[in-house]
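Participant: Residue numbers (the working numbering), protein chains in the order written: chain A, 1 to 217; chain B, 1 to 217.
One thing to keep in mind: the hints can contain errors.
Unchecked claim - Result set (DMTMM-like, lysine to aspartate or glutamate): computed pairs, CA atoms no more than 25 Å apart in a straight line:
#	chain 1	residue 1	chain 2	residue 2
1	A	Lys46	B	Glu152
2	A	Lys46	A	Asp13
3	A	Lys125	B	Asp13
To be clear, the hints were calculated from the coordinates, so they are not data collected in a lab. Given the structure is predicted, the values throughout are model-derived calculations rather than measurements.
Number of protein chains: 2
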Amino acid sequence: MPPTITAFKTSPDRGQGLARDMRVRWALEEAGQPYEVRLVSFKAMKEPAHRALHPFGQIPTYEEDGLALFESGAIVFHIAQRHAGLLPDEANARARAITWMFAALNTVEPPILDLQTARFLEGDKPWAAERLQLVKDRIRARLGELSVYLGEAEWLAGAFSAGDLVMVHALLRLRPSGILDEYPNLAAYVARGEARPAFKRAFAAQRAVFTGKAATG
Amino acid sequence: MPPTITAFKTSPDRGQGLARDMRVRWALEEAGQPYEVRLVSFKAMKEPAHRALHPFGQIPTYEEDGLALFESGAIVFHIAQRHAGLLPDEANARARAITWMFAALNTVEPPILDLQTARFLEGDKPWAAERLQLVKDRIRARLGELSVYLGEAEWLAGAFSAGDLVMVHALLRLRPSGILDEYPNLAAYVARGEARPAFKRAFAAQRAVFTGKAATG
Chain A
1 MPPTITAFKT SPDRGQGLAR DMRVRWALEE AGQPYEVRLV SFKAMKEPAH
51 RALHPFGQIP TYEEDGLALF ESGAIVFHIA QRHAGLLPDE ANARARAITW
101 MFAALNTVEP PILDLQTARF LEGDKPWAAE RLQLVKDRIR ARLGELSVYL
151 GEAEWLAGAF SAGDLVMVHA LLRLRPSGIL DEYPNLAAYV ARGEARPAFK
201 RAFAAQRAVF TGKAATG
Chain B
1 MPPTITAFKT SPDRGQGLAR DMRVRWALEE AGQPYEVRLV SFKAMKEPAH
51 RALHPFGQIP TYEEDGLALF ESGAIVFHIA QRHAGLLPDE ANARARAITW
101 MFAALNTVEP PILDLQTARF LEGDKPWAAE RLQLVKDRIR ARLGELSVYL
151 GEAEWLAGAF SAGDLVMVHA LLRLRPSGIL DEYPNLAAYV ARGEARPAFK
201 RAFAAQRAVF TGKAATG
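Please work from the sequences and hints to get the whole structure.
Facilitator: Okay, here's the thing in structure tokens:
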């Protein structure tokens with residue numbers, strides 16, 4: 001039985017691939033693993049049946065025989081532990097790749113998500129415009145450091161890993177703001193992630209939910 | 001050779017244990033592992049020598065023979081993988097405990113850290129007071145869900161795990177705000193964490209940096 005993941009029934013980003021099921025789809029594609037998708041409405045996400053899988057009433061979740069997980073980072077890590085292709089075998093290299101997963105989720109992504117908060121949850125507040133600049137500058141501080149670290153390297157820690165997968169997806173959300181393009185090596189890094197066949201398959205699959213067309217025949 | 005971690009030379013919280021070296025100290029104490037501490041000034045944290053260990057110029061870092069890691073979540077996970085006491089052995093139980101580490105870091109902690117941003121980075125802005133209420137309500141939304149999930153359980157996923165360690169430490173930061181005490185089961189959960197002998201040893205060790213008194217003999 002392939003695992004079942006959950007995704008939004010109605011795409012909040014019109015199929016741009018920004019929802020967090022995209023990370024799980026991408027990881028499963030990198031690992032060459034088939035999966036089933038159950039679509040969940042915004043209303044059903046907050047009801048007890050879904051909360052039993054995800055205490056915070058969000059997507060994605062991940063179910064396989066006898067195991068239910070939530071949190072995209074945890075699910076990507078679970079997939080990466082059990083299948084080849086997302087983490088190096090050598091112990092120290094593996095620890096470094098895992099470090100980048102945590103850095104993406106806990107250091108780089110929070111200021112990026114604050115941009116969404118500033119725009120959508122507080123977009124009608126009198127402080128919205130002035131505060132948006134502060135939020136953007138906090139993002140730039142992190143991206144400047146990441147850009148220096150990456151330099152001319154292709155990926156963050158040797159070969160492509162789950163750390164890159166999570167980082168690329170966190171950075172993708174910045175593209176419409178123009179901030180990503182202020183750091184050409186980071187923009188190229190994100191583009192390398194998007195060019196991976198596994199990314200393309202995952203992107204097409206989530207987009208098909210929005211367009212109503214199945215991704216593959 | 002025991003590992004070496006880094007911590008702030010000058011405690012920003014006057015030894016209250018809120019800095020992230022506390023998580024690593026606590027994990028090492030739970031695992032019964034000795035460690036060395038190198039103190040780093042705010043200035044030195046941003047210099048190339050420290051950036052070589054931590055691309056974002058923060059603490060903690062972790063060094064052992066041939067391996068250098070950063071990000072408290074990654075370091076706690078590394079310790080938990082290599083020593084008994086922080087993750088269950090059974091594969092599914094282990095995956096669930098790891099899920100709670102990611103949930104603590106990526107879902108629960110970001111709104112809590114936004115309280116710091118609202119108070120300290122934007123405390124002098126005209127919107128500070130009104131926005132603080134929005135930030136607090138977003139924290140309450142998460143804590144309400146966490147409180148329902150925890151219910152009367154002692155820990156989040158069976159026995160105490162690295163997931164609880166990171167969650168308790170993320171929640172601790174809320175105590176001065178009074179928000180934690182709005183959820184009696186979460187306040188008791190945090191108190192259970194603080195009552196652990198390993199927490200107490202770690203707390204005393206970080207406090208000794210502030211008081212200038214060595215924690216032990």
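Participant: All hints, please: hold or fail.
Facilitator: To see whether the hints hold, each was checked on the structure:
Note on lysine 46/A and glutamate 152/B: the hinted pairing holds, with a Cα-Cα distance of about 21 Å set against a maximum of 25 Å. Taken as a hint, the lysine 46/A and aspartate 13/A pair is honoured in the structure, with Cα atoms around 19 Å apart against an allowance of 25 Å. Only pairs whose Cα atoms come within 25 Å are accepted, and lysine 125/A paired with aspartate 13/B is rejected, the gap being roughly 32 Å.
Checked against the numbered hints above, the structure violates only hint 3.
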